[in-house]
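Starting from the known structure of chain C, fit chain H onto it as the hints suggest.
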Amino acid sequence: MPKITFAAADGETRTIEANIGDSVMETAVRNGISGVVAECGGSLSCATCHVIVDEDDFASLPPMEEMEDEMLWGTAVDRTGTSRLSCQIRVTEDMGLRVTLPETQV
Amino acid sequence: MSENGLLIIGSSQAGVQLAVSSRALGYAAPVTLLGDENHRPYQRPALSKDFLQDKITKESLIFRSQEFWDEHRITVVKGERIEKIVTTPDGTGTAWSTSGRAFPFGRLALTVGARARRLDVPGAGLDGVLYLRNADDALELKARTAGAERVVVIGGGFIGIEAAAGLHALGKRVTLLEFADRLVARAVGAETSRFILDHHRRAGIDIRLGSAVDEIVGHGGKVRAVRAGGEEIAADIVLVGIGVVPNTELAEEMGLRCDNGIVVDRHAVASDGTTLAVGDCANLPNPVPGSPAGERVRFESVNHAIEQAKVAAHALIGRQGEYAGIPWFWSNQGDLKLQIAGLSSGYDRTVVRSPADPLKHSVLYYRGDRLVAADCVNVPLDFMAVKQALTKGVTLPPDAVADPAVPLRSLLAEVAAPDEGNQPA
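Chains C and H, in that order, give the protein sequences. Using the numbering used here, the first residue of the first sequence is number 11, and each one after it goes up by one. Using the numbering used here, the first residue of the second sequence is number 1092, and each one after it goes up by one.
What the hints contain is simulated information worked out from the structure, not anything from laboratory work. No incorrect hints appear here.
Pairwise CB distance ranges (calculated):
| hint | chain 1 | residue 1 | chain 2 | residue 2 | range |
| --- | --- | --- | --- | --- | --- |
| 1 | C | Arg-24 | H | Gly-1409 | 23 to 31 Å |
| 2 | H | Ser-1436 | C | Phe-68 | 39 to 47 Å |
| 3 | C | Asp-64 | H | Gly-1191 | 52 to 60 Å |
| 4 | C | Arg-100 | H | Gln-1411 | 35 to 43 Å |
| 5 | H | Thr-1166 | C | Pro-73 | 41 to 49 Å |
| 6 | H | Gly-1191 | C | Phe-68 | 52 to 60 Å |
| 7 | H | Pro-1383 | C | Pro-73 | 44 to 52 Å |
| 8 | C | Phe-68 | H | Lys-1175 | 51 to 59 Å |
| 9 | H | Glu-1343 | C | Val-87 | 41 to 49 Å |
Below, a sample of chain C positions facing chain H; criterion: calculated Cβ distance under 7 Å:
| hint | residue |
| --- | --- |
| 10 | Arg-40 |
| 11 | Gly-42 |
| 12 | Glu-49 |
| 13 | Cys-50 |
| 14 | Gly-51 |
| 15 | Ser-53 |
| 16 | Ser-55 |
| 17 | Glu-80 |
| 18 | Met-81 |
| 19 | Trp-83 |
| 20 | Gly-84 |
| 21 | Val-116 |
Yeah, the Cβ is synthetic: ideal placement off N, Cα and C, and Gly gets one too.
Looking at chain C on its own, in the form it has when it is part of the complex:
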């Protein structure tokens, strides 16, 4: 099963077995990862599901589209080189993703 590891800003980590086809955001929210807010429910409108992907994993993800890239310029904590909006990352079969959560999303 695909596994997503969420590292909170304070260092606490949780690994969640994810469902293929869900987004990383849905995986986080349904399981109560509080560092992911996702106000808009995944419609790419709010940029409150910002995650910083581990550098080793970043290149393995499909590239982001322009709209996501634009939204990332408005995150509450400034984007880094491996920032993504987790609503736009689909869980795939062999995924073993590690992401760090920003200190705040709002």
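Same frame as chain C, but now just chain H:
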């Protein structure tokens, strides 16, 4: 403290957030999250958007897993409609449902939301006159859509336009009737209304402004047409989206002050000094910094439900929470992604940024020289820059924002950066 804990009536966005935030803040007593629908707590916004078009499943609308509720000791109750609440002066009491169940509580929260305003014309009760507020409405609309060819949408607000765009994309012949002289008049300015109108007309939706519906015409008990302004427009189904009415009946029976919603203070506490009211049903002091004193608002938005619920959770544990950020709204309408930052009410000046791309549009609103809001269509960069400016309490100079070639983000960096030359050493 009573062992009965917190009873939250209404398990949509506000209720869910209040339950979650109360636990996050360390509230230890039992929490019951009660809803009158036979569904697990779910998100509404997509009902008129991706869900209507079968782009996402029911499961993806569910807020939290059952494991989450169990782990956080939040009891979720489905399908119970509360009809009577009795409270004592200390805030404890009991709520009774129509099925006769009693739900005693130590503290009560009303997150009862709003309901679709009903159309009041002859024929409004005909089979095929539909509304879109909750999951059952959406499921029925989807089921009826399959066999329908011609759809008349009554109301050119967010729900009406989103549904019209979605149904049009599904290949339906859609006519949209709006009573006012422009679309979404309550939420956006005239420039944005016109942009939205032009786009959807070009896309092929027949939109008629200033159109007053006289009657829904039926045949054999079923909808056949809509008569408006003396003209009959054939319809297999009619979707009504003419706004919502806050659900204040329970609060009124409890003797709580209500005025376009349940009147609460800035801590989300109602007039009895103990009951919490959050979300679409609440009428609150305008939380936007710099608002005129005494101005009150009622929001219908996800962002508000979340932020006010966090404030209410603080009140629950005897702390003062701050309403974070500034209100924002979104609406996805076919190819248009509309994002609104701030409240434009009271503006006296607009500046339109007109990018060359005909699918893009943004307008900034000013009260005097102060930036108060922006409507942005397919320009997340502008939306995000204005949202950040408003959150930081800074203004983007009106003369500078007009040039669409100048990124608002760079203007924001200029006005927000401290002038280092003037900083004390």
